Amino acid sequence: MMNIVTELQKDRFTPRYYVAALTDNMSLPKAQVYEKSLIHGDRETIIENAEFMQIYRSREVGQSYITAIATTLRAILHAMWLIIRIRPQVIFCNGPGTCIPLCASAFLLKVLGLGWSSIFYIESIARVKKLSLSGLLLYKLRMADQFFVQWPQLQQKYPRAQYAGRLM
Amino acid sequence: MGDRERRVVFVTVGTTCFDALVKVVDSEELKQALLQKGYTDLLIQMGRGTYKPSKLSTLQASGNSSLQVEHFTFSPSIADNIREASLVISHAGSGSIFETLRLGKPLIVVVNEDLMDNHQSELAEELAERNHLFCAHPQTLRENVEAMDLNALQPYVPGEAKPVVALINRFLGFPVD
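Protein chains in written order, with this note's numbering: chain A, 5 to 172; chain B, 82 to 258.
It should be emphasised that the hints constitute simulated quantities derived from the structure, not laboratory data. As the structure is a prediction and not an experimental result, all values here were calculated from the model. Note that CB positions come from ideal geometry on N, CA and C, so glycine has one too. Each hint can be trusted.
Quick partial rundown of chain B residues pointing at chain A, CB under 8 Å, derived from the structure: (1) Ser175; (2) Gly240; (3) Pro244; (4) Leu248; (5) Ile249.
Please build the complete structure, drawing on both the sequences and the hints.
As structure tokens, then:
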């Protein structure tokens, strides 16, 4: 994800909200380090253009599928709350199940005419022949406006996906 | 004692537990294979593994040197370890793989068969097919080391996000630089 963010024109995509799973303790610090590095020069014009948030996971690795029903519900409610709060115009997501409740909420608002988010999904580079579950859901349900894969085989298998090379 | 040219083999399992790999790397057969290929040092990053490799190698190659072995669990960045290595043996995590390929080091990726959902092996297999690295299983590692021809490896040209970002900008109606 940071590969994409570093390449984006910051003045076009601002303010930036980074959302990671509650139990993920590596991703947000990476984003924070990057955002900090963008603040430079003129002390008077330091603009806080980034916020960092955490969201409940639908299901932890190894969690039973029975209890996952309740935790998924919680994740969906939390996601709805975040989407309504942030009202993003653009959503970038890259694969963890964390993004599904968020994309679903944004998509629902779109359908209800209550808000518009362009959703861009970038499948993990580790997915060469098969999509991840998140990717499959977003692809089949046509929830993403643009769906990127990083290997040509996947683009052939899923023709509505776009292949624009690898990010790494 | 004097200065000798070090050829370090760096083994990394990232944040995972991959005892099967550490065990096989710790075996005398594998250390022998590495010595035969001219390596002098073995550095093992064991991550969450519970198997502790021995720091001694009683093996001699043609009577003079033996393999120097060191190990540690984690470090904030393994970039320096990779840079100093002549060969990297890694688990199949995409981070480790691309970090090593970006630094232009020969790489053997070992797939962890104990992992439930082994989609990770797809990436290693694809890159092996393109001759950017060698792919192995813990049981076959020694044969891979003995048989590997580093000259057969093709350098990996790193990808970039520009093309994807250009498409995103175009979709949103921004002018594409």
